[in-house]
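**Q** Here is how the chains run, residue by residue.
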Amino acid sequence: MSDATQDALQRPPERRSPELDVDPYDEAVLESPYEIHAAIRNAGPVVYLKRYGVYAMGRHRNVQPTLRDWQTFSSTGGSGIADIRKPGNWRPASAIVEVDPPRHTYVRSAMQKVMSPQLIRSWREMFTVEAERLVDELLQKEVVDGVHDLAETYISTTFPPALGLRDSPERRENLFLLGSWNFDAQGPRNARFEATQKQVEEIMPWHDAMMQRENLLPGGFGDRLYQAVDAGDLEPELAPLLVRSFLRGGLDTTSSSISAALWYLSMNPAQYAMLREDPASRSRPALEEAMRLETPIQTAGRLTVRDVEVDGTLIPRDSKVMMMLASANRDPDFWDRPDEYDMTRSTLGHVALGNGIHMCIGQMIARLEGECLLTALAQRVALISPEGRPVRRINNVLRSLKSLPLRLKAA
Amino acid sequence: MPKITFIAADAVATEVQAAQGDSVMHAALGAHIKGILGECGGSLACATCHVYVDDAWADKLAPVSGLESEMLDATACGRQSNSRLCCQIDMSDALDGLTVTLPQSQL
Numbered sequence: 356m357s358d359a360t361q362d363a364l365q366r367p368p369e370r371r372s373p374e375l376d377v378d379p380y381d382e383a384v385l386e387s388p389y390e391i392h393a394a395i396r397n398a399g400p401v402v403y404l405k406r407y408g409v410y411a412m413g414r415h416r417n418v419q420p421t422l423r424d425w426q427t428f429s430s431t432g433g434s435g436i437a438d439i440r441k442p443g444n445w446r447p448a449s450a451i452v453e454v455d456p457p458r459h460t461y462v463r464s465a466m467q468k469v470m471s472p473q474l475i476r477s478w479r480e481m482f483t484v485e486a487e488r489l490v491d492e493l494l495q496k497e498v499v500d501g502v503h504d505l506a507e508t509y510i511s512t513t514f515p516p517a518l519g520l521r522d523s524p525e526r527r528e529n530l531f532l533l534g535s536w537n538f539d540a541q542g543p544r545n546a547r548f549e550a551t552q553k554q555v556e557e558i559m560p561w562h563d564a565m566m567q568r569e570n571l572l573p574g575g576f577g578d579r580l581y582q583a584v585d586a587g588d589l590e591p592e593l594a595p596l597l598v599r600s601f602l603r604g605g606l607d608t609t610s611s612s613i614s615a616a617l618w619y620l621s622m623n624p625a626q627y628a629m630l631r632e633d634p635a636s637r638s639r640p641a642l643e644e645a646m647r648l649e650t651p652i653q654t655a656g657r658l659t660v661r662d663v664e665v666d667g668t669l670i671p672r673d674s675k676v677m678m679m680l681a682s683a684n685r686d687p688d689f690w691d692r693p694d695e696y697d698m699t700r701s702t703l704g705h706v707a708l709g710n711g712i713h714m715c716i717g718q719m720i721a722r723l724e725g726e727c728l729l730t731a732l733a734q735r736v737a738l739i740s741p742e743g744r745p746v747r748r749i750n751n752v753l754r755s756l757k758s759l760p761l762r763l764k765a766a
Numbered sequence: 004m005p006k007i008t009f010i011a012a013d014a015v016a017t018e019v020q021a022a023q024g025d026s027v028m029h030a031a032l033g034a035h036i037k038g039i040l041g042e043c044g045g046s047l048a049c050a051t052c053h054v055y056v057d058d059a060w061a062d063k064l065a066p067v068s069g070l071e072s073e074m075l076d077a078t079a080c081g082r083q084s085n086s087r088l089c090c091q092i093d094m095s096d097a098l099d100g101l102t103v104t105l106p107q108s109q110l
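Quick note, the sequences are listed as chains A and B, same order. This note's numbering puts the first residue of the first sequence at 356, with every later residue one more than the last. This note's numbering puts the first residue of the second sequence at 4, with every later residue one more than the last.
Since the hints were derived computationally from the structure, they do not count as laboratory data. Among the hints, erroneous ones may be present.
[What the hints assert, rightly or not] Computed cross-link-like contacts, DSBU-like style, restricted to lysine-lysine with a CA-CA straight-line distance of at most 30 Å:
#1 K6/B with K468/A
#2 K468/A with K553/A
#3 K441/A with K757/A
#4 K37/B with K6/B
#5 K468/A with K37/B
#6 K496/A with K468/A
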């Protein structure tokens with residue numbers, strides 16, 4: 356064991372983190388993690404996950420301030436479970452996620468300037484047109500798959516054009532595979548990751564070509580990044596990297612949130628009725644509450660830059676600490692009726708998008724995507740009901756549905 | 004407990020009691036002030052807590068940071084010289100009586 360862990364074990368027991376032998380990456384746990392999350396919360400403010408040699412926090416009262424305290428909890432060790440500074444790390448650091456200020460401030464400001472709320476607002480019409488077209492088409496079928504037919508189709512037709520990616524027959528499948536790989540790679544180097552890695556190797560040439568300027572359509576987010584390079588506002592090497600970040604951060608996460616919203620609405624007809632009453636005010640909260648409950652990105656890693664005390668427990672410096680975001684989002688000490696879907700509650704404080712300086716830079720895009728889709732649905736569909744059991748897609752870090760059979764009743 | 008007056012776009016004024024150290028955005032959300040969204044919860048990521056600060060108060064506030072200024076360029080309604088993102092304004096007794104006007108829309 357490391358010196359740091361050795362020191363930690365010399366400490367008086369009441370200041371040491373309890374050790375847990377759980378495996379958060381076990382398939383059954385990924386299928387249904389809530390028992391493990393409760394066990395982590397109940398064990399203490401900080402626990403030590405023996406199998407992986409990392410610390411973890413599950414309580415909202417600790418997770419949220421930790422996300423805000425970038426000075427103590429650095430992102431330079433990687434946002435996943437691995438310490439990316441160590442030799443043998445199998446992936447390069449993200450140019451925006453896995454850096455601290457001042458470097459982070461520069462990169463984020465440059466990306467934020469390009470991904471401005473004005474630009475995002477300009478996509479509203481395109482998102483609305485596609486949402487309405489798709490819902491009308493699906494109403495011909497009555498029984499649809501909320502994931503494949505609705506959420507993923509909608510995201511596949513709206514998100515890539517916003518980026519400026521040329522269409523191609525393999526685009527949709529490749530983009531979702533890249534997303535799966537990105538999030539499996541944030542977990543341990545287990546069999547699951549290795550399997551996704553093998554699949555992704557075949558599409559890497561397509562992936563690399565996609566980031567290049569000549570393959571990005573004019574006016575899209577990608578092209579605008581390159582324009583920022585021309586204007587001297589962005590380092591040239593960053594443009595393809597930020598195109599990649601945009602893609603990896605924004606496709607499966609948003610799709611997962613929308614699928615989850617459909618699932619919760621199908622199980623709660625009274626909630627769906629409320630959405631129908633006032634989609635203009637309720638479509639965004641309807642998505643936000645689904646984000647809280649599903650928490651597409653389940654965990655985020657930080658590295659302690661010094662010894663730090665968290666509610667009386669000491670974490671040694673140079674330790675990887677996993678923020679259990681999904682656990683914080685259902686912590687009964689913070690949320691009233693935490694497991695209940697309620698679009699009228701205040702979701703302020705949810706950490707599905709993170710918090711602090713690294714909080715999701717694409718959140719306004721996600722919300723606009725959700726608003727347009729749920730509004731189109733609310734206007735055209737009288738009722739959404741479950742038509743069979745949903746099936747989950749199992750990934751080391753990304754939580755999402757794979758199949759959600761739904762019956763749509765026309766208004 | 005310092006007070007904030009929110010003047011909505013339709014000129015209706017609402018007075019809210021804030022806790023010491025609470026941001027104006029938090030106070031607004033706690034009082035269910037329509038017209039402040041604060042979607043990112045104060046992370047300077049959404050520009051939906053835009054307010055126009057009454058001239059009497061403008062120079063009593065902490066200055067606009069670089070990042071706040073960039074986000075102010077992205078608000079739904081036009082940026083004016085007295086524009087602020089109210090998640091960046093922390094209440095204290097020195098700001099008791101702060102008055103802000105809300106824009107037509109945050110989105």
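**Q** Run every hint past the structure and note whether it holds.
**A** Status of the hints after comparison with the structure:
no., hint, result
1, K6/B with K468/A, "34 Å, violated"
2, K468/A with K553/A, "36 Å, violated"
3, K441/A with K757/A, "34 Å, violated"
4, K37/B with K6/B, "17 Å, holds"
5, K468/A with K37/B, "28 Å, holds"
6, K496/A with K468/A, "42 Å, violated"
Hints 1, 2, 3 and 6 from the earlier list are contradicted by this structure; the remaining hints agree with it.
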